[in-house]
Amino acid sequence: MRPEDIVFATVMLPLLGAALAFCAKLLPKGRFAMAVEYAGALVGLGLPPLVLIVLFPVVFNGQSISGVVGLWSVGIGITFRFDGLAYLVNILGYTIGAAAWIYSLGAGPKGPAFTGVFLIQTAALCATIMTTDLFNLFVCLEIMGITSYVLIPTSGKPGATLASFSYLMVSASAMVFFLLGTYGFYRLTGSLSYGGISAGLQTISTDDTVLSIVSLALLVSAIAIRVAVMPLYGWLPDAHALAPHAVSAVLSGVLIKTPLFALSRILFLLPSGMEVGELMGIAGGVTAVLGVVIALSQEDAKRLLAYHSISQIGYIVAAWGMAISIGVDTPAGTSLMVAAFLHAFYHAVFKGLLFLSIGTTIDVANERNVYILRDGIGKLRDAGEKVPITFICFVIGTLSISAIPPLNGFVSKTAITYAMKGSLNYYLLSMAAVGTVASFIKLSRIYWPTGKRGRLHIELDDCLGTSSIPISRPPGLVARMTAQSLLAVLCVAGGLAAHHILTIVGTLFSSGGTNSAVLPTIYSGENLLKTGATTLGGVLLFFVAISKAGSTVLHTIRNRPRSFQGLFVSFSLGTAVLAAFLVVGKL
Amino acid sequence: MGKRKAWSPILQAGLAIGAMGIVLLPVFLCQTPWPTAARDYLVQHGQDESGAINLVSAIYLGYRAFDTLGETIVLLVAVIGTMGLLSRVESLVNPIGDDDNSIQTVSAFSLRGEKRSSHVLRTHLLEVVTGKIGPIVLLFGFYVMLYGHLSPGGGFQGGVIIASGIVFLALGNQQDNTSVLSKSSILGGIESVSFLLFIVVAISGIFFGKGFFGNPLADSAYPVGFIVLMNSIIGLKVGASIGFMCIAMMGGHD
Amino acid sequence: MTTILLILIVLLAAYTLSSRDLLHGVIALSAISLLSAILFYILQAPDVAITEAAVGAGVSTVIFVWAIRHSQRKDDNHG
Amino acid sequence: MVERALLLCLLLLGFWGVVAKKNIIKKIFGLNILNAAAVMLFILEGNRIGTEAPILESDLALVVDPIPQALMLTAIVIGVCVTALALALAVHLYQITGSFDIDTIRERVKDAT
Chain A
1 MRPEDIVFAT VMLPLLGAAL AFCAKLLPKG RFAMAVEYAG ALVGLGLPPL
51 VLIVLFPVVF NGQSISGVVG LWSVGIGITF RFDGLAYLVN ILGYTIGAAA
101 WIYSLGAGPK GPAFTGVFLI QTAALCATIM TTDLFNLFVC LEIMGITSYV
151 LIPTSGKPGA TLASFSYLMV SASAMVFFLL GTYGFYRLTG SLSYGGISAG
201 LQTISTDDTV LSIVSLALLV SAIAIRVAVM PLYGWLPDAH ALAPHAVSAV
251 LSGVLIKTPL FALSRILFLL PSGMEVGELM GIAGGVTAVL GVVIALSQED
301 AKRLLAYHSI SQIGYIVAAW GMAISIGVDT PAGTSLMVAA FLHAFYHAVF
351 KGLLFLSIGT TIDVANERNV YILRDGIGKL RDAGEKVPIT FICFVIGTLS
401 ISAIPPLNGF VSKTAITYAM KGSLNYYLLS MAAVGTVASF IKLSRIYWPT
451 GKRGRLHIEL DDCLGTSSIP ISRPPGLVAR MTAQSLLAVL CVAGGLAAHH
501 ILTIVGTLFS SGGTNSAVLP TIYSGENLLK TGATTLGGVL LFFVAISKAG
551 STVLHTIRNR PRSFQGLFVS FSLGTAVLAA FLVVGKL
Chain B
1 MGKRKAWSPI LQAGLAIGAM GIVLLPVFLC QTPWPTAARD YLVQHGQDES
51 GAINLVSAIY LGYRAFDTLG ETIVLLVAVI GTMGLLSRVE SLVNPIGDDD
101 NSIQTVSAFS LRGEKRSSHV LRTHLLEVVT GKIGPIVLLF GFYVMLYGHL
151 SPGGGFQGGV IIASGIVFLA LGNQQDNTSV LSKSSILGGI ESVSFLLFIV
201 VAISGIFFGK GFFGNPLADS AYPVGFIVLM NSIIGLKVGA SIGFMCIAMM
251 GGHD
Chain C
1 MTTILLILIV LLAAYTLSSR DLLHGVIALS AISLLSAILF YILQAPDVAI
51 TEAAVGAGVS TVIFVWAIRH SQRKDDNHG
Chain D
1 MVERALLLCL LLLGFWGVVA KKNIIKKIFG LNILNAAAVM LFILEGNRIG
51 TEAPILESDL ALVVDPIPQA LMLTAIVIGV CVTALALALA VHLYQITGSF
101 DIDTIRERVK DAT
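Protein chains in written order, with this note's numbering: chain A, 1 to 587; chain B, 1 to 254; chain C, 1 to 79; chain D, 1 to 113.
Take these hints with a grain of salt, some might be off.
Claimed, not checked - In silico DSS-like cross-links for lysine-lysine, where the CA-CA straight-line distance does not exceed 27 Å: (1) B:Lys132 - A:Lys110; (2) B:Lys183 - A:Lys25; (3) A:Lys29 - B:Lys183; (4) D:Lys110 - C:Lys74; (5) A:Lys530 - A:Lys586; (6) B:Lys210 - B:Lys132; (7) A:Lys548 - D:Lys110; (8) D:Lys110 - A:Lys157.
Just so you know, these hints were derived from the structure itself, not from any lab.
Same shape as in the complex, but just chain A (with noise of 0.2 Å):
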């Protein structure tokens, strides 16, 4: 067997344990189609790591395994490409799908169908990763979206299901757009292949340029939706806070973050990326500072939650956007890049930590809003936990989004700010650290004790052997802690072993086998000292937002007017100015 062969089963392991979970389906229920049932998922979301695993000197060594599927003429067939970079996605895929797939059990949704589903989810995000085909990318990013349309109303909640219906629309006319894109370049390079497409358009003539330059805006800005970079963001907090917790972590850890990586798949070869990453970068900075502002004003935890994955994806694009206007061959450009793509692991990883445990908190208590919800810590031990585990993921959680040291989250914002030190982006994103702290700690509050007479209460409500709160005791607290556990080890080791990390996504970003990236020093006094300082300002900003004038702002912030218009609307105009912004860097 051929390496070629063997990276295709990180896509096709998960699919065939979709379909034995469909198999388990079909069976009558009890213990042997459950057993079917769970040997799909292992063979699913445990083998692929083992294959990860033995392919990893290959692609460590600077080797990239690339090819055509099927063995195919390269002209007409697929291509693919198996590098560092689907090497990263990979396994932050499967750790957040594991972790989301072991919580599942205890919270739901459960069952094979959501299993199978679930799978195929997974198998679409290593496709997305690895193919360098256009319409193979379409295809993925089909499967994608539609496996996030099935699964976010299996929570049930009506919001939900117009969440998901506002996501397919907006989702679906953008992949026409895609759709437009791929046919503008097919037509004129004749290719669908990146390299191909690459190639084609060195000898084109100048007449063609403004159809290039608006393929590529059509592409950008169709990735950029599931992305939901700041213009194109409307659909996501709804989607995100409504749908199960479960999928609520893997939709904001790796979902929208794999299409990202794709894009700069193409990014890397066409004339125009460069301007098309400096756009982004900006785009990705505001991103950052808005979606927190937004975030400190909302009241429903979940949405809060929602509102940061979209502030922490500006991080992301920040760094992956200035990387590409670099160029990622330079020492600094892989270095924004590893920043980018340790700030996206990181972020997963806390982010699906915070909304499991959030989860797990809500569903305890029944109440997700942070202004009524108070003394989270007694309302899980009487639900049964002995120890607080929930509050302590969420400690590690929150300490790890607030960047607090010598957790993962510092690491990866160190890394981000210490590569574009200087830039506009800079101070952005400092802002954006301080909002974060501020909403955190608001958020924080719904495991305050409710004061003296809480306690009391709980202690008159023992001695009469009544509970006057009604506690509803959520299935599954084993399943449930053990996902948590597991991601905030993650958080954890991140933080702890960050100098190997950086050394080895370094590597892997770089060609040739040698780490090219400049690794910054995090411990460093300076940084420390920066971390302090924002600390401060985050405190100080959180009294500032529960004063009365502050508390004014941002109720007119969180009851803002949002239409379902307002989503297209952004989505061409978006596009248009992307458009316009390359038209006219190019003539």
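Since chain A is already given, all that's left is putting chains B, C and D on it; use the hints.
For chains B, C and D alone, coordinates are given in the frame of chain A:
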């Protein structure tokens, strides 16, 4: 205020469509001649490499079979999602909207219609005709499916025809309820097993040294056998899943 | 010939989006599918024509009719 | 030329349906039209280089480009799958809120949660 509210959405929509129209102008007005390299290659080598006379089939199930796998997955997920929502739609007995329309939920071409309402449009005639035509439609579906490499058609198109044959059988035979094919457990079984088979066939190329999604029969006397095999699997899968969905939509859940 | 078909398709599309009765819209939509199947046949794409006729005019019409039967037929705020 | 102008009209008509129509079923109509326009564009332009269908019955060199056709098979099917799911979601929304109007749905869903 009222006036602004009424006009602002139209203005926004106009802006969106105008912007998109301008962006799309170069795409639609491009005069560059269509590239011929791929076509020329396929005309010369397509038949030798894949064995199919129908070049679209050769691409669809040969050169770009990976896309086709993606397409069948999209169908599979869509059917599962629709069925999931469907079961929830049916469980909502009394929706908020108490219009006259919601009483007519039991549709004219419902399979469970007779038990529930009296004004069913289906007649004995329809039952007899669909029952008799069903097998012929199935046969035609199999023809389209199996001859996809020679003539227009193929697994997907054949599968849809098979699905309509299954629905015909279900409509025709509900009095005595004998049609095995309209049972959801059987259809679901065919769907899942053929999905599994599809994946196994896709992987099989690896063991013949042809790579993932390669044609394991490429060196044999009948390279086209691979396309016929894939067509059959896709046809069964599509037929089962679309038939499953249509029958479920008509109310034949049990 | 293709031009005539396309003009018909555009007119039908306008009707689909503006008709007050959603069922009429569905019928017009499936007519669009049939006309485009003919168009594809004329344009030497028989495979696409068959698919469009079977999937566009067949399956999607069935699903649309199902959806409308399970809800309401009229578009309340016509416009 | 006229044909492509008509297709652009069709595409924008579909986009208008998706963007401006209040009724969600009409939005799905719009999505279908949008998709159909893109498919027709591919087939229409792929037809320019030949006069025969891409089935090699006789040795004709002037067949049309088969690649757009194969791609469009996939695109049509994906379009229909998305439509089916969108309709199921729409019916579910109707059952929850009793309306097809997007603004009414938004309000009632907000009240429900």
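A quick look at each hint next to the structure:
no.: 1; hint: B:Lys132 - A:Lys110; result: 42 Å, violated
no.: 2; hint: B:Lys183 - A:Lys25; result: 15 Å, holds
no.: 3; hint: A:Lys29 - B:Lys183; result: 18 Å, holds
no.: 4; hint: D:Lys110 - C:Lys74; result: 24 Å, holds
no.: 5; hint: A:Lys530 - A:Lys586; result: 40 Å, violated
no.: 6; hint: B:Lys210 - B:Lys132; result: 45 Å, violated
no.: 7; hint: A:Lys548 - D:Lys110; result: 26 Å, holds
no.: 8; hint: D:Lys110 - A:Lys157; result: 11 Å, holds
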